[in-house]
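S.K.: Okay, here's what each chain looks like letter by letter:
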Amino acid sequence: MTYLDSGQSTHTLRLFRFGVLVLVAFIMLILRLGHLQVAQHQRLSEAASANYTKVERLFGNRGTIYDRKGRILATNRVGFDLYVTPSKVRDVNSLVSSLTPILELDQLGQLELREILMTSDRSERRVATRIVRDLPQDQVARIEEVGARFGGVSVEVKRQRTYPYGEIGAHLIGYLGRPTARELTSRTLAPDEMVGRFGAERLYDEVLRGEHGLRRFVVDARGRPQHEGWAQIASEKVSALQVPTPGRDIYLSVDIEAQTLAYQALDGYESGSVVLMDPRTGELIASVSKPSFDPNIWSGRLTAKAKREIDENPYHPMLDKSVKSYFPGSLYKVVTAIAAMEEGILDPEQPIESPGAYEYGNRIFHCHKRSGHGHVDLNGAMAASADVYFYKLGERMGIDTLAVYGGLFGFGERLLGINGESKGVVPTRAYHEEHSRGGFQHGLSLSSAIGQGAVRTSPLQMAVAFSALANHGVVYRPHLLLESSAVSSQLLEGPPTEGESQLIAERYVPQVIRRLPTASSNIQRVRRALERAVHDPKRATGYRAAPSYGRVAGKTGTAQVKTIVRGYRRLKEQRWEHRDHAWFAGFAPYESPKLSVVVFLEHGGSGGKDAAPVARKILERYQEDIDPIFDVGNGLELTANRRR
Amino acid sequence: MSEPGMSRLHWVLLLSSSLLCVVSVWNLDATTGLGAMGVARAQGIWLGVGLLSALVISSIEYHTLKRLAPGLYLGAVVSLGLVLVIGKTVNGSRRWLDFGAFTVQPSEPAKVALILALAAWLAQHPRPRGYTISDLVPIAIIMGIPMALIFKEPDLGHTLMIGFIGASMMSYERMRRKTVVGGLILGVISAPFVWLFVLKEYQKERILTLIDGNVDQLGAGWQSRQAEIAVGSGGVFGRGHGLGSQVAGGFLPENHTDFVFAKLCEEQGLLGGSLVLLLYLTLIMSILYTAYTARDRFGSLICLGVASFLFWHVLMNVGMVLNILPVTGVTLPFMSYGGSSVVTSCIGLGLVFNVHARRHVF
Numbered sequence: 001m002t003y004l005d006s007g008q009s010t011h012t013l014r015l016f017r018f019g020v021l022v023l024v025a026f027i028m029l030i031l032r033l034g035h036l037q038v039a040q041h042q043r044l045s046e047a048a049s050a051n052y053t054k055v056e057r058l059f060g061n062r063g064t065i066y067d068r069k070g071r072i073l074a075t076n077r078v079g080f081d082l083y084v085t086p087s088k089v090r091d092v093n094s095l096v097s098s099l100t101p102i103l104e105l106d107q108l109g110q111l112e113l114r115e116i117l118m119t120s121d122r123s124e125r126r127v128a129t130r131i132v133r134d135l136p137q138d139q140v141a142r143i144e145e146v147g148a149r150f151g152g153v154s155v156e157v158k159r160q161r162t163y164p165y166g167e168i169g170a171h172l173i174g175y176l177g178r179p180t181a182r183e184l185t186s187r188t189l190a191p192d193e194m195v196g197r198f199g200a201e202r203l204y205d206e207v208l209r210g211e212h213g214l215r216r217f218v219v220d221a222r223g224r225p226q227h228e229g230w231a232q233i234a235s236e237k238v239s240a241l242q243v244p245t246p247g248r249d250i251y252l253s254v255d256i257e258a259q260t261l262a263y264q265a266l267d268g269y270e271s272g273s274v275v276l277m278d279p280r281t282g283e284l285i286a287s288v289s290k291p292s293f294d295p296n297i298w299s300g301r302l303t304a305k306a307k308r309e310i311d312e313n314p315y316h317p318m319l320d321k322s323v324k325s326y327f328p329g330s331l332y333k334v335v336t337a338i339a340a341m342e343e344g345i346l347d348p349e350q351p352i353e354s355p356g357a358y359e360y361g362n363r364i365f366h367c368h369k370r371s372g373h374g375h376v377d378l379n380g381a382m383a384a385s386a387d388v389y390f391y392k393l394g395e396r397m398g399i400d401t402l403a404v405y406g407g408l409f410g411f412g413e414r415l416l417g418i419n420g421e422s423k424g425v426v427p428t429r430a431y432h433e434e435h436s437r438g439g440f441q442h443g444l445s446l447s448s449a450i451g452q453g454a455v456r457t458s459p460l461q462m463a464v465a466f467s468a469l470a471n472h473g474v475v476y477r478p479h480l481l482l483e484s485s486a487v488s489s490q491l492l493e494g495p496p497t498e499g500e501s502q503l504i505a506e507r508y509v510p511q512v513i514r515r516l517p518t519a520s521s522n523i524q525r526v527r528r529a530l531e532r533a534v535h536d537p538k539r540a541t542g543y544r545a546a547p548s549y550g551r552v553a554g555k556t557g558t559a560q561v562k563t564i565v566r567g568y569r570r571l572k573e574q575r576w577e578h579r580d581h582a583w584f585a586g587f588a589p590y591e592s593p594k595l596s597v598v599v600f601l602e603h604g605g606s607g608g609k610d611a612a613p614v615a616r617k618i619l620e621r622y623q624e625d626i627d628p629i630f631d632v633g634n635g636l637e638l639t640a641n642r643r644r
Numbered sequence: 001m002s003e004p005g006m007s008r009l010h011w012v013l014l015l016s017s018s019l020l021c022v023v024s025v026w027n028l029d030a031t032t033g034l035g036a037m038g039v040a041r042a043q044g045i046w047l048g049v050g051l052l053s054a055l056v057i058s059s060i061e062y063h064t065l066k067r068l069a070p071g072l073y074l075g076a077v078v079s080l081g082l083v084l085v086i087g088k089t090v091n092g093s094r095r096w097l098d099f100g101a102f103t104v105q106p107s108e109p110a111k112v113a114l115i116l117a118l119a120a121w122l123a124q125h126p127r128p129r130g131y132t133i134s135d136l137v138p139i140a141i142i143m144g145i146p147m148a149l150i151f152k153e154p155d156l157g158h159t160l161m162i163g164f165i166g167a168s169m170m171s172y173e174r175m176r177r178k179t180v181v182g183g184l185i186l187g188v189i190s191a192p193f194v195w196l197f198v199l200k201e202y203q204k205e206r207i208l209t210l211i212d213g214n215v216d217q218l219g220a221g222w223q224s225r226q227a228e229i230a231v232g233s234g235g236v237f238g239r240g241h242g243l244g245s246q247v248a249g250g251f252l253p254e255n256h257t258d259f260v261f262a263k264l265c266e267e268q269g270l271l272g273g274s275l276v277l278l279l280y281l282t283l284i285m286s287i288l289y290t291a292y293t294a295r296d297r298f299g300s301l302i303c304l305g306v307a308s309f310l311f312w313h314v315l316m317n318v319g320m321v322l323n324i325l326p327v328t329g330v331t332l333p334f335m336s337y338g339g340s341s342v343v344t345s346c347i348g349l350g351l352v353f354n355v356h357a358r359r360h361v362f
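For the protein sequence lines, the chains are H and Z, in the order given. Okay, so the first sequence: first residue is 1 according to our numbering, each after it adds one. Okay, so the second sequence: first residue is 1 according to our numbering, each after it adds one.
Just to be clear, a hint being listed does not mean it is correct.
Stated by the list, open to error - Residues from chain Z that face chain H, not an exhaustive set, calculated with beta carbons under 10 Å: (1) S171; (2) R174; (3) A230; (4) V231; (5) G238; (6) G244; (7) C265; (8) G269; (9) L278; (10) Y280; (11) I284; (12) M285; (13) Y292; (14) F311; (15) V318; (16) L322.
Hint data in this document are derived by calculation from the structure and do not stem from the laboratory. All C-beta atoms, glycine included, are put in the ideal place defined by N, C-alpha and C.
Can you build the whole structure from these sequences, using the hints too?
M.R.: Put into structure tokens, the structure is as follows:
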């Protein structure tokens, strides 16, 4: 008999109580077990599957960019990227000191490399991190040797974008860069992927990019692919392969040889832009912004040194000046002229007095020629660029009316939508009330009439406007794309079959923004005036633009940036930023124009002396090397323009 | 009066514990890490050692045990102290003594030593009218010294185990009302102090993770989360032996030691898991039955001590795996891989067999 029988029933009770506790606890455990394995089974199985499923992105080949004649502007080649895996590096110090001379690392570079290699985050240590893009081939062998000695270094073969023409057309073609944080979230991009920046690479990024594929497979906790046992069963549900679609090739309207000659024509000037446009369609034949940059470096290996040099360049190579806006100066007079004729306040044949100065209000408005021009009609005023003639028109019209016509030509509008394009300014009374100190003053109608005041236009807008004059009144939307192929040429083996040919071209059709609602006779009068501005033997300010092959219609412009005090006028004494902008805009040949030219020299000096000769050089070389736009062998008399 | 020899064997206990041992080895087969085969084999060897020890223990007359208790207790305290000085450090805590071919974790056998010591003390100092506070002082010291030493390792799990085992054994005895009330008040007052000054950061984190799983996704929270996924994805029938993605793919850490129950659940499902839990329940209940039929207080207390040792371990471990209790690093007796744990559990069973066998002897 146990002692418990002898009446110490309290112990029995306590044992019983403990037993009940045990039973209740186990019931709870089994219930919880059931909850997890039945009620939560679906959710937790999915969590398990998420653990072992790895998705790998497969990238399609990016499309090639061609110019209008089929020359390659951007394509893909093989590149070598350098990766390090911190956990595999055997000797950090030796590795860093061995890599420094090969990669030419500076202090900062060494520090950054060290930081990556010494990271204490366990998951980061096991991951291969890219530290250099696009290694030069001679470095690859040396680096692999270093890697063999110290571990943790690997060279991966990657597709690398290459731009055969380097800095020619860099703003127009663009380059590839890493996506920003915002782009990563708004678009479905991998952090390792590159996106188009600038120009065509950016504008047509979706077309060029193609579509990703993906590969889904089973991995273990270390990320290694698994196939046996449990992985085999899992694979049946998880494995997937989606083949990527390659990107499409595109053909730009640009002629790279024209682009090159336009770029070279700017020799001697540090900063500026040239725009060549076909006035019959709005196609951009060339668009130059100087100084330029090498997109190969920006898409590949941009060293800290190179970036610093670019950031510190006072002429801002990364800005696309063809779409930034500046004071247009006398070029704007074409707007004033058309506006005045349309409004009926100007008779183009009637001579108007245009002295050297004009008093208005309590200010004196000067002409660029101190002695004035006497009485001139429209042709004379345009040819000699008589300021007072236009002041008077502006005074009679008012700034708002002028602004209406400016808007018709496309000024104040974003036309192409690339490279941070500026809308420019076509000022109205309201504009000045809001933005100018002192609000609107009537004198501003006068300054605006000659393209000063607050008027701001871009070389691209100028090209569109002058093209509208060239083609008798159609304002075309400027465009860059000629056609895109439906199938990437890199995918085709051999020449395309008939079925493929049908798919290939997706041609762009010229878009008309508007037809000028102005009388065609008025347009013709302005055209004639512009022709005189280059070819009038006595007064033409643009005579230096006249090529030896035919007739050009155009206008010079010298835009004042800073009010000049007498005595400070000598060019050489002025600081660069204070010098006038030099412009020339025109079209050729005069009778049936095939090319519009805009030359802009930032702080370049004088429109007549500096910009016009550049235009001449371009037109002559275009005629000789690219496309004979002037009909030379036809017996047309060429006006030989040699004054003084 | 003598009983036939057969009834000297506690059949239910023997059967349930044997089954458990078989399941343990079978479950450990094909785990990842430590060389899959090696683990099962090693566990088998340890179980053999444990079996031997149990046989030895069960044949000692247990009054001899009563006399040996203080010595064993002293030995345990000394080895706990030794571990703090020359112990092997693993993962930031010093819990093991290295003997070359194998390591011993003294906090495991210390539990058995404590059970014996406490049972002996209580048996020597009966208080039919209930224990007063002053009576509890020596008991607190007996429990407190090993608890403090273990806590310093640091090993919160085993500290708690000793505390729970002691408290369970004390629940067998009557206490004065004042004692109970005083104890409760002391507990309530000391809780915030313990939280602020005694508990380490990661220990606090573990408790907080329980309440809000998002608190520590990458540390203690990670383990609970992966264990939960392993258990849940097993479903009713399990994924099959060695075919569970969480364990075989290496996503669940400690899957042969602390989280071995998760492996069982992933591979054998609800059926396997609840069967094993029922085995444990049977085991513990049969030990309690032995406590009921024991011939004296000493025997009852020993059985209650062993029963509570197994109970609290199973509760804390399975609760941790099922993510309803904080992670405390307490092993699952017989199922977790580990020589010290296995042998200690076997010795505990040996004690119970001992008490059972002598229940009729006067």
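S.K.: Give a verdict on every hint.
M.R.: Taking the hints in turn, this is what the structure says about them:
Of the supplied interface hints, the one on Z/S171 holds, with its beta-carbon coming within about 6 Å of a beta-carbon of chain H, less than 10 Å. Taken as an interface hint, Z/R174 checks out: its beta carbon lies about 6 Å from the nearest beta carbon of chain H, inside 10 Å. Contact between Z/A230 and chain H, as hinted, is supported at the beta carbon level, the nearest pair being about 7 Å apart and thus within 10 Å. The interface hint given for Z/V231 holds, since its Cβ lies 5 Å from the closest Cβ of chain H, which is under the 10 Å cut-off.
For the restraint placing Z/G238 at the interface with chain H, the shortest Cβ-Cβ distance is roughly 9 Å, inside the 10 Å limit, so the hint holds. Given hint, Z/G244 at the interface with chain H, holds; its Cβ is 6 Å from that chain's nearest Cβ, closer than 10 Å. Interface hint status for Z/C265: upheld, as the beta-carbon distance to the closest one in chain H is roughly 7 Å, under 10 Å. For Z/G269, the suggested interface contact is upheld, since its CB lies about 6 Å from the closest CB of chain H, less than 10 Å.
For Z/L278, the interface hint holds, the least distance from its beta-carbon to any beta-carbon of chain H being 8 Å, beneath 10 Å. Because the closest C-beta pair between Z/Y280 and chain H is about 7 Å apart, less than 10 Å, the hint holds. With 10 Å as the threshold, the beta carbon of Z/I284 comes within range of chain H, its nearest partner Cβ sitting at about 6 Å, so the hint holds. Below 10 Å, beta-carbon pairs count as interface contacts, and Z/M285 has one with chain H at about 7 Å; its hint therefore holds.
A cut of 10 Å between beta carbons decides the hint on Z/Y292: the least distance to chain H is about 6 Å, and the hint holds. About 5 Å separates the beta-carbon of Z/F311 from the nearest beta-carbon of chain H, less than 10 Å, and the hint is met. About 5 Å separates the beta-carbon of Z/V318 from the nearest beta-carbon of chain H, less than 10 Å, and the hint is met. Using the Cβ-Cβ criterion of 10 Å, the hint placing Z/L322 at the interface with chain H is satisfied: the shortest such distance is roughly 5 Å.
When each numbered hint is compared with the structure, no violation occurs for any of them.
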